[in-house]
Amino acid sequence: MSNQNGTISKRAREDRFQAHDYYQIDDLLSEDHLLARDAVRTWVKQEVSPIIEEYSEKGECPTHLFKGLAEIGAFGPSIPSEYGGGGMDEMAYGIIMQELERGDSGIRSMASVQGSLVMYPIYRFGSEEQKRKYLPKLGNGEFIGCFGLTEPDHGSNPNGMVTNIKEDGDSYILNGAKMWITNSPLADVAVVWAKDESGIIRGVIVEKGMKGFSAPEIHGKWSLRASITGELVFEDVRVPKSNLLPNVQGLKGPLSCLSKARYGISWGAIGAAMDCYDSALRYAKERSQFGKPIAQFQLTQKKLAEMITEITKAQLLAWRLGTLADAGKVTPAQISMAKRNNVNMALEVAREARQIHGGMGITNEYPIMRHMMNLETVLTYEGTHDIHLLITGQDITGLNAFQ
Amino acid sequence: MKLLVCVSKTPDTTTKIVFNAAGNELDTNGVQYIMNPYDEWYALVRALELKESPLGGSVTIINVGPDANDAIIRKGLAIGADEAVRINADPKSALNVAFQIAEYAKQGNFDMILLGKETIDYNGSEIGAMVAEFLDLPFISYASKLDTADGKTATIQRDIEGGIEVVEVATPFVLSAAKGLAEQRIPNMKGIMMAKSKPLNVLAPAPFDELSVPVHYDLPPAKASVRMIAPENMEELVRLLHEEAKVI
Ligand SMILES: Cc1cc2nc3c(=O)[nH]c(=O)nc-3n(C[C@H](O)[C@H](O)[C@H](O)COP(=O)(O)OP(=O)(O)OC[C@H]3O[C@@H](n4cnc5c(N)ncnc54)[C@H](O)[C@@H]3O)c2cc1C
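Chain order of the listed sequences is A and B.
Numbered as in my numbering, the first sequence ends at 405 without a single skipped number.
Numbered as in my numbering, the second sequence ends at 232 without a single skipped number.
Just so you know, these hints were derived from the structure itself, not from any lab.
A virtual CB, placed ideally from N, CA and C, is assigned to each residue, including glycine.
Mixed in with the good hints there might be a few duds.
[As the list claims (entries may be wrong)] Within a straight-line C-alpha distance of at most 20 angstroms, the following computed SDA-like cross-link-like pairs (lysine to any residue) qualify:
#1 Lys182/B x Glu33/A
#2 Lys35/B x Thr155/B
#3 Lys182/B x Ser32/A
#4 Lys174/B x Thr44/A
#5 Lys331/A x Ile393/A
#6 Lys174/B x Phe292/A
#7 Lys180/B x Asn53/B
#8 Lys47/A x Trp25/B
#9 Lys174/B x Leu31/A
[Said to hold, decoys possible] From the structure, some residues in chain B lie toward chain A, with a derived Cβ separation under 8 angstroms:
#10 Ile170
#11 Met173
#12 Lys180
Let the sequences and hints guide you as you build the complete structure.
The structure is reproduced here in structure tokens:
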């Protein structure tokens, strides 16, 4: 129960979470999946739940948890162990994300970014030298990473990016700015996507301390408050050519990372929903009005019944996505559908759960408002809800409705 | 040092206890199992700490039970034990469990045998003493601290009623672990992956005739609801305490 580096003392909000597995999906999981899930669940109960409300309230990132996330193995669990990952399968990765987001979407984001958006592109598109240099340190939490795709004027349309690199001897000169970048003010390394002189998107690894590079924090978020978000500003930053990711060109570079992260989010959102449902179910049984538990009223039961139904459907979707991913058959469009459906589901579950808690539901005595506010970000980042509708739309009609 | 840690499986603490129709066995339907916390958090982790100390050595975990227990055993391996043994039996008594453990331990030359002070289901606290007796070894119960400089003698702090006792004992011995002996370790993903390739040997039980079998379990009577008695009605209160609650 360590909180050595945390500046805020733990508040003893008891985490009474109990998992709900209405369709015995546990039977579909292997022994190591269940072990991984229980391990991360225990870790979240001990390290996240007691402190998260306070960090969220103060809008502060519990940076001491980076070490803990690394120790438990939450950074790049499906990256081979020789490169500092966990060597596990995609199902395990999903389950880990679910448990982290059961604690808080911001904590899950810390791990998603590090694993799927920083370690993964270096592992997949990096040179052997880059892999050896960065991956083990990212895996063990010595380095914090961030991923710069979104720009102030280019969010849903990353292809329009203006951040660029120009060749100069054995370096590139990087100019531009990125916006809404998770972990950026803390990051030791940033995987940055920029256009080269012929307008092709390339990935470069930018290191903290390079001249002309800064990462100011974005303040005033009402969502993902325990996760730090910032900008990336590049003014004639000289990046050695050896920092260019050699093995990818074009938008498919960042998009393949996003597919990885979105896969994790489609699991993660279930975690947030389960926490809201679990709290609402318990509250409804304990809270009495008109002489009986509110769980006995039909309208409350309708809410609870619909919540567990939607959670169960989302669990099956995620499980199937996991089996497809492990068979190497999953498509980005399939991942997109699960991300959209499951995040939206979680947000709706959070809203219903909020109502069941009555006035108590708006306080930090219960995790509901925090999850609900967090999920507004999750609905928007990694492709907005509407953009994912367009992805499915394009996939099934063959017609592009983006432009 | 060769260390043996006995681990057992217990229902999760949130389990609602229900017995079968005959009332002689737990109804295991829907019961979630965990590793007995005294075995896991204290006995196993302290053994691992000793192994990781300059003294070095190995940690074997042993369980007496059916193959459904393998998940619990695998967790012990994920936390860091080197190998595991499961005696494939479905024991009905603590004596049988202790006998099976002792039969295995006889051939193992273990310097220490560690287990939890009790399981959190039946809270029998019997196995440790029985294993020690079968093996003719010293038994140190309720240990909350265990140190050894050379692996040959150990200084052990025991929780006793109202205080502590410090004992010194030469290896080999049997020790039952209480809170404080170590701190819970959560297995990490690396450990979970490594556990897959660690040996889990399944052995046939030694022949044993049970000396006792449970015939019936009763749950404590359901809590009655609170009854309010007006303060002026003292006689009624006394009557109820005497005739119904039978406490005075
Ligand atoms: C807390 C937080 C953390 C983030 N972390 C990162 C990070 O680490 N790295 C990173 O690169 N980015 C990150 N993002 C950025 C995130 O991915 C973007 O916010 C997201 O892609 C949306 O872009 P935008 O905010 O510019 O909105 P816009 O693209 O301007 O969208 C505004 C609205 O218009 C809609 N819209 C846009 N285009 C269309 C269309 N063609 N048809 C219909 N509707 C459309 C959208 O759906 C949305 O509702 C983060 C964002 C937040 C809030």
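Now the hints, each set against the structure:
1. This hinted pair checks out: Lys182/B and Glu33/A have alpha carbons roughly 14 angstroms apart, not beyond 20 angstroms.
2. Simply put, Lys35/B and Thr155/B have alpha-carbon atoms about 15 angstroms apart, close enough for the 20 angstroms limit, and the pair holds.
3. Among the hinted pairs, Lys182/B with Ser32/A is consistent with the structure: their alpha-carbon atoms are about 17 angstroms apart, no more than 20 angstroms.
4. Among the hinted pairs, Lys174/B with Thr44/A is consistent with the structure: their alpha-carbon atoms are about 16 angstroms apart, no more than 20 angstroms.
5. For the suggested pair Lys331/A and Ile393/A, the alpha carbons sit about 18 angstroms apart, so the restraint of at most 20 angstroms is met.
6. Between Lys174/B and Phe292/A the CA atoms are separated by roughly 53 angstroms; this puts the pair beyond 20 angstroms, and the hint is violated.
7. Note on Lys180/B and Asn53/B: the hinted pairing holds, with a Cα-Cα distance of about 15 angstroms set against a maximum of 20 angstroms.
8. For the suggested pair Lys47/A and Trp25/B, the alpha carbons sit about 16 angstroms apart, so the restraint of at most 20 angstroms is met.
9. The hinted pair formed by Lys174/B and Leu31/A meets the criterion: a straight-line CA distance of about 18 angstroms does not exceed 20 angstroms.
10. For the restraint placing Ile170/B at the interface with chain A, the shortest Cβ-Cβ distance is roughly 5 angstroms, inside the 8 angstroms limit, so the hint holds.
11. For the restraint placing Met173/B at the interface with chain A, the shortest Cβ-Cβ distance is roughly 3 angstroms, inside the 8 angstroms limit, so the hint holds.
12. For Lys180/B, the shortest C-beta to C-beta distance to chain A is roughly 7 angstroms, which falls under 8 angstroms, so the interface hint holds.
In this structure, only the earlier hint numbered 6 is contradicted, and the remaining ones agree with it.
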